[in-house]
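Start from the sequences and build out the full structure, keeping to the hints where you can.
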Amino acid sequence: MKKIEILRIESLSRAPFVVEGYLFEGSDATAPSIAIIGAMEGDSILPLYCASSLVDFFKNKIEEKKIKGNVLIIPSINHYALNIGKRFWPLDNTDLNMMFPGYELGETTQRIAKKVFDAINGYTYGIILERRPDPATCIPYVKLFKSGYEDLKAAKKFGFKMIHHRTVKSIDTVTLQYNWQLWGTKAYSIMCPHENQIDKKTASQINQGMLRFMDKNKVIEHHIFNGYESTVINRESIEVIKAPKSGIFIQIESAGRYVSKDQVIGEIVHSLEGNVIHTFLAPCDGMITCFYSTSLIYENAVAFRIAKIG
Amino acid sequence: MKTSEIFSSDLPVGEKLSIRRTRFEPASKRAKKLKRISIVSGIHGDELEGQLVIYLLADWLNKNSEKIIGIVDIYPSVNSLGVDTITRGFPLYEVDLNRTFPGSPNEFLPGQVVYALSQDIKGSDVAIDIHSSNIFLREIPQIRINKEFSKSTLPLAKQLNCDFIWIHDAVTVLESTFSHTLNSMGTKTLVVEMGVGMRLTKEYGHQLLLGILNLMKKEAIIECKDDFITREAFSSEVGEVFYLNAPKSGLFVPSLDHCAIIQKDQKIGDIVDPLTGTIYCELKSPAEGILFTLREYPVVYEGSLIARIFGENSEKN
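Protein chains in written order, with this note's numbering: chain A, 1 to 310; chain B, 1 to 317.
Please keep in mind that the hints were generated in silico from the structure rather than gathered at the bench.
Glycine included, every Cβ here is placed at the ideal spot set by N, Cα and C.
Any given hint might turn out to be false.
Said to hold, decoys possible - Below, a sample of chain B positions facing chain A; criterion: calculated Cβ distance under 7 Å:
no.	residue
1	MET1
2	ILE6
3	ASP10
4	SER104
5	PHE108
6	SER176
7	PRO298
8	TYR301
9	GLU302
Said to hold, decoys possible - Footprint (simulated), chain A over chain B, 3 or more residues, beta carbon under 8 Å:
no.	segment
10	84-95
11	241-255
This is the structure:
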């Protein structure tokens, strides 16, 4: 294993910001390679944990000869935010995942993006461990942009329940996944649940998905059980359930649960008087893909998203 | 004058989020369709210069109601929760509303907010979106125009009494902004940047008010004998914009008080280290021209924007 310094930025009063990657060189020069990006935001604890657990796996739990292609893991590209509990780049609150492919003469976060992108460009496959941008938690799934360069078939090799095959919005054109795809890497975002405490079961599910993907694509030789036969969904397959009232939100059914039409899935309690003021009923048969992750909910906020079935 | 709510959402604990618009229109109904201008500020909650401009405009309209022959809609505080809480993005969601357009009724809450705004403004002849940079940079009054729409918006920009008109290339990510959305919907939309975040610059407020009144008179939204004398703006069509970014992290100490005419190699400031008393580097202007952006917030990292200069020289830094 080689620990490589990807970038270093000095600071007025903090210790230097140093991003490092862990490179595990493969034994077969013709094998495909993979790069994995962990936390890009300061509240992406699960992505950080999943990526660092993977470093441990490659360092201590797999024989070197079974690593066929190069594997680069960068557990965090935003330590400054992680260390002080801020979501974005702490000085100017800019989102690193809106700075790609980066610019070496630009603003600080554009420079960070450029150095990270230079380090990961050219890999056969790329994985980004992301969290949803809204206050919602979800089952782990693959988000894949319809960039015209994406490989949907390979996305199924993760074995997650769901692949969200999404139309590209203008705002997506500055994300890592989009630019990585544009430059020829088969890139995928694994959307991670947003929770403050690490759930080892979920983390293990995500890491198994990544190892399964690497094995099936011959980056490593490490056979594990098959996963799900992934269902590909798009915006039309998702039913959006909004909160008709504000108050204290209590979800009764969580992400990943199959629900029937008219089944009670959550409620809203009056925040000052304590009575239930709304009961959420599933509008269709399907699986809850994500739900609002904060206990205080605004009127009209999206409370649940259900992938329709049947 | 009539104030209405264009979007509301009950908040969890005994409060309501409300986005409001005030409409000024002629006292007596006229037969023909009236021209309409919509003026927006506070899409970013930490930018307050637009609050002053819109206050001054509302005050003028209240005192000169007989001069109104069109419709003037004002939206001083689009991100109303953000304005009251010194929060640039939409609170809780932490998203930049000006990267969320056009939105839709079925999106997350910020997407519903921007959708409601654009639907309310739809049909206006002209829209002006007033920004004040951010807390890091101070800007002279300027108009930002997307090249894609410059044919229709540049003549309007020249009426606004600003110092600089910056016509920039079309960038895909900017399609998610208010101005791109409204321009695409047929409303000629201008973006004003002036002053600095979290502060008011009274002089700039009065300067832009004069420009807005001038534009409204030319567009037949007000009718009066007042002579609004405005300045001629420099346009980026005839020169280049030079960027000066911090080569080192440290504390930026400016040598200039205000944005001004500047000579090539004139000193703009130093980046220093207070812990050791060291000057890391001296920053000089890369060109002769107008210093139209100057760093206000002194802490810088390598890459932080220090200044932007509009000059006629072609040697870019």
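Going through the hints against the structure:
About 28 Å separates the beta-carbon of B:MET1 from the nearest beta-carbon of chain A, more than 7 Å, and the hint is not met. Residue-level restraint check for B:ILE6 is violated (minimum Cβ-Cβ distance to chain A is 14 Å; threshold 7 Å). With a cut of 7 Å, the hint placing B:ASP10 at the interface with chain A holds, because the nearest CB-to-CB distance is about 4 Å. For B:SER104, the shortest C-beta to C-beta distance to chain A is roughly 10 Å, which exceeds 7 Å, and the interface hint is violated.
Residue-level restraint check for B:PHE108 holds (minimum Cβ-Cβ distance to chain A is 5 Å; threshold 7 Å). For the restraint placing B:SER176 at the interface with chain A, the shortest Cβ-Cβ distance is roughly 5 Å, inside the 7 Å limit, so the hint holds. With a cut of 7 Å, the hint placing B:PRO298 at the interface with chain A is violated, because the nearest CB-to-CB distance is about 9 Å. Proximity of B:TYR301 to chain A holds as hinted, the smallest CB-CB distance being about 4 Å (cut-off 7 Å).
For B:GLU302, the shortest C-beta to C-beta distance to chain A is roughly 5 Å, which falls under 7 Å, so the interface hint holds. Residues of the segment 84-95 of chain B with a Cβ under 8 Å from some Cβ of chain A number 6, which satisfies the need for three, so the listed coverage holds. Chain A is given as covering the segment 241-255 of chain B, and this holds because 6 residues of the stretch bring a CB closer than 8 Å to a CB of that chain, at least three being needed.
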